[in-house]
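> Protein chains in written order, with the working numbering: chain H, 1 to 301; chain S, 1001 to 1143; chain D, 2001 to 2164.
No lab work stands behind these hints, which were simulated from the structure alone.
It should be emphasised that the depicted structure is a prediction, and the values quoted were computed from it without experimental measurement.
Take the hints with a grain of salt, since some may be wrong.
[To be verified] The calculated lysine-lysine pairs, modelled on DSS-like cross-linking and capped at a C-alpha distance of 27 Å, are: (1) K267/H to K1045/S; (2) K2140/D to K1108/S; (3) K1108/S to K2148/D; (4) K2053/D to K2122/D; (5) K1128/S to K29/H; (6) K1010/S to K229/H; (7) K29/H to K1045/S; (8) K1128/S to K1009/S; (9) K2086/D to K2030/D; (10) K1010/S to K267/H; (11) K1006/S to K1079/S; (12) K229/H to K1006/S; (13) K1079/S to K229/H; (14) K229/H to K1045/S; (15) K1108/S to K2138/D; (16) K2018/D to K2093/D; (17) K1006/S to K1045/S; (18) K29/H to K1010/S; (19) K29/H to K1006/S; (20) K29/H to K229/H; (21) K29/H to K1138/S; (22) K29/H to K1009/S; (23) K1005/S to K229/H; (24) K2020/D to K2008/D; (25) K29/H to K1005/S.
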Amino acid sequence: MKLLFYYLVFPGFLFASVIGLLTVWLDRKVSARVQWRYGPPWYQGFADIGKLLYKEVIIPEEAFGSGFIAAPLFGLASVTLAITILCVSFFGISEGFIGDIIVVWYLFAIPAIALIYIGSTSGNPLSSVGVSREIKLLLSYDLPMVIVIVIMASKAGTFSIKGIMEWQMVNGSNISNWYGIIAFVVAIFCVQAKLGRVPFDLAEAETELGSGILLELSGGVLAAYELSKAMMLFGLPMFLIILFWGKGIVGGVLMYLLIIVLLVLIKNTNPRVRIDHAMRFFWGWMSGAAVLAAILAHLGV
Amino acid sequence: MNILKKSFKKSIWVFHLSTAACNNCDIEVLELLTPRYDVERFGIKLVGSPRHADALLVCGAVNAHAKPRFLEVYRQTPKPCLVVAFGSCGCSSGIFRDSYSIVGPVDKVLKEEDPDAKIVYIPGCPPKPEAMIEGIIKGLEVI
Amino acid sequence: MSKRENGKVMKDLKKKLKKKIIDIAQPREKRIYIRVEPEKTPEVVEYLFSKYKCKFCTASGIDMREGIEIIYHLAREDKNMVINVKTLVPYSKLEIESIGRRIKAFRWIEREINEMFGVIFKGHPDMRRLILPDSFPKGKYPLRKDFKNSDVTDEDYDYERSGI
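Construct all of the structure, not just a fragment, from the sequences and the given hints.
Structural data, given as structure tokens:
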């Protein structure tokens, strides 16, 4: 019963969706201000989801009907579960378990797999182009991020979220060391790719592919996808806060705003990259930087 | 249901469709997104697929090439949806009225497919962006 | 270019194309008009295109009362001249041999002249509609002088033929 409350209300579905949609608004507002415009009002995220629930759902003939509707809901459920596991440890509500940071990272990968599934069953050739790009992107940004997680876990000596947070309370946050700064830069780019934002939004390239993978979604199905994206915009910065900052509500809020502002600035100053550029970037530069951070962490800098 | 209907008016996603147009009206649509006439503050966003759209911005006098394709795009848009016929060529066929390959203005073509379609007319050659914003907002009261 | 230089091009063409053309004129400094019979037109145009090293610009058509007059416009940029080859294809026999069979540059413009005027190009490898929609009724040619816009009504369009 208590678990159901954690999953559905706080810090699960309701809490994460509200904060996620407000973060989406913040992103659009800051982007608009950077471009010297006004932006949308604060309730824009909620209005979008409400409007999508009002429209009808069209399932194309060649699509595999039940999978088409089930996949985004599956993604939504797994994102909610990941955020619940993260936040129960962060807010000190209950104890985590060993290895739960790995579980959280791979639960965050499930929406990408749901996206691949939707794209493949859409029955549209433009979607399949988006699918091939998304698969390649998924393989690329996994490597540097796993190296970063392993660095933080090995410094703390344990793979559990609570352990990493407590180690940082004792020994100072990870970001105050040199290896922490390098790892933070690597992690910011990996998070940008995971969220599917410019410069890595190849899979749902709006102008090139007519929205790529999401071409055939409409109505409530699209609402589920947008909601899961908004919740990831809340969950992934929380993940970074746990890895790099540790405990503390005030510091956590400031760090959250800093990460959001960094993500928005990267989005507004860059064009979209090609898939071979992206793969070279993640497997070349970012992996090299992560290995450098590992060496520095080992030396104790 | 009432709150969902209210949120429909606050967030309209448009899809731009050009049937046999001279591209002047298309440039004006692009202007709506620029900082001077910023329509994102009303919640209007330009999307890349008709399945995500709430409003179809149709410009141009409809050609015989474009007619079956335009009707197909209209069928693929989830209802409820608003069709905005803008430009003089969209409302009546403009100066191309008697030409040999123009099949008719937008409403004549659309009434064959769906007699209850909701159409907003925005005249002008090309219409000023202020006129377009006012037209879309007036159209929201119909839905 | 001086008059003497241009006179040179005229004399050259007169000598080479003596038997095949009806007449040749140079009304302005940079323009040459050659009138040819419809049967001899492909020879003259191909000679100008290949051996005389002209560039093909476009072809145009106009409805004279006796038939359709087709003009092929070719250009010689180093001598600053445009050479125009005129033929009058009579309504009694609205056929001309196709140059697009051998030279790719002429294919599309011959398709357009065919669908707009009704001139048949014999031997053309790909005679489809170019700019008119596939659903346009056959047998009606929009650029002829006796075509009225009321000749084609909405019921004449046959959308099955366009394949959508």
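> So, for every hint listed, does it hold in this structure?
Evaluated hints:
Of the pairs offered as hints, the one joining K267/H and K1045/S holds, with about 17 Å between alpha carbons and a cut-off of 27 Å not exceeded. A hinted pair counts as satisfied when its Cα atoms are at most 27 Å apart, and K2140/D with K1108/S qualifies at roughly 24 Å. For the hint linking K1108/S to K2148/D, the alpha-carbon distance of about 22 Å falls within 27 Å, and the restraint holds. Simply put, K2053/D and K2122/D have alpha-carbon atoms about 25 Å apart, close enough for the 27 Å limit, and the pair holds.
Distance check on the hinted pair: K1128/S and K29/H sit about 26 Å apart at the alpha-carbon level, within 27 Å; holds. For a cut-off of 27 Å, the pair hint linking K1010/S to K229/H stands: about 20 Å separates their Cα positions. Our distance criterion of 27 Å between C-alpha atoms is met by K29/H and K1045/S, whose separation comes to about 14 Å. Proposed proximity of K1128/S and K1009/S is supported: the alpha carbons are some 22 Å apart, at most 27 Å.
At roughly 17 Å between alpha-carbon atoms, K2086/D and K2030/D fall within 27 Å of each other, so this suggested pair holds. With a CA separation close to 25 Å, the supplied pair K1010/S and K267/H stays within the 27 Å bound. The straight-line distance between the Cα atoms of K1006/S and K1079/S is roughly 16 Å, inside the 27 Å bound, and the hint therefore holds. For the hint pairing K229/H with K1006/S, the CA-to-CA distance comes to about 23 Å; that is within 27 Å, so the pair holds.
For the proposed pair K1079/S and K229/H, the alpha carbon gap of about 24 Å is at most 27 Å, so the pair holds. Taking the CA atoms of K229/H and K1045/S, the gap is near 17 Å; set against the 27 Å cutoff, the hint holds. Distance hint between K1108/S and K2138/D is fulfilled; the C-alpha atoms sit about 24 Å from each other, no more than 27 Å. Simply put, K2018/D and K2093/D have alpha-carbon atoms about 26 Å apart, close enough for the 27 Å limit, and the pair holds.
For a cut-off of 27 Å, the pair hint linking K1006/S to K1045/S stands: about 17 Å separates their Cα positions. A hinted pair counts as satisfied when its Cα atoms are at most 27 Å apart, and K29/H with K1010/S qualifies at roughly 16 Å. Of the pairs offered as hints, the one joining K29/H and K1006/S holds, with about 22 Å between alpha carbons and a cut-off of 27 Å not exceeded. Distance restraint check for K29/H and K229/H: the Cα-Cα separation of roughly 17 Å lies within the 27 Å cut-off, and the hinted pair is therefore satisfied.
The straight-line distance between the Cα atoms of K29/H and K1138/S is roughly 25 Å, inside the 27 Å bound, and the hint therefore holds. With a C-alpha separation of about 20 Å, the suggested pair K29/H and K1009/S falls inside the 27 Å cut-off, and the hint holds. For a cut-off of 27 Å, the pair hint linking K1005/S to K229/H stands: about 23 Å separates their Cα positions. Of the supplied pair hints, the one linking K2020/D and K2008/D holds, its CA atoms being roughly 19 Å apart against a limit of 27 Å.
For a cut-off of 27 Å, the pair hint linking K29/H to K1005/S stands: about 24 Å separates their Cα positions.
In summary, the structure agrees with every hint in the numbered list given earlier.
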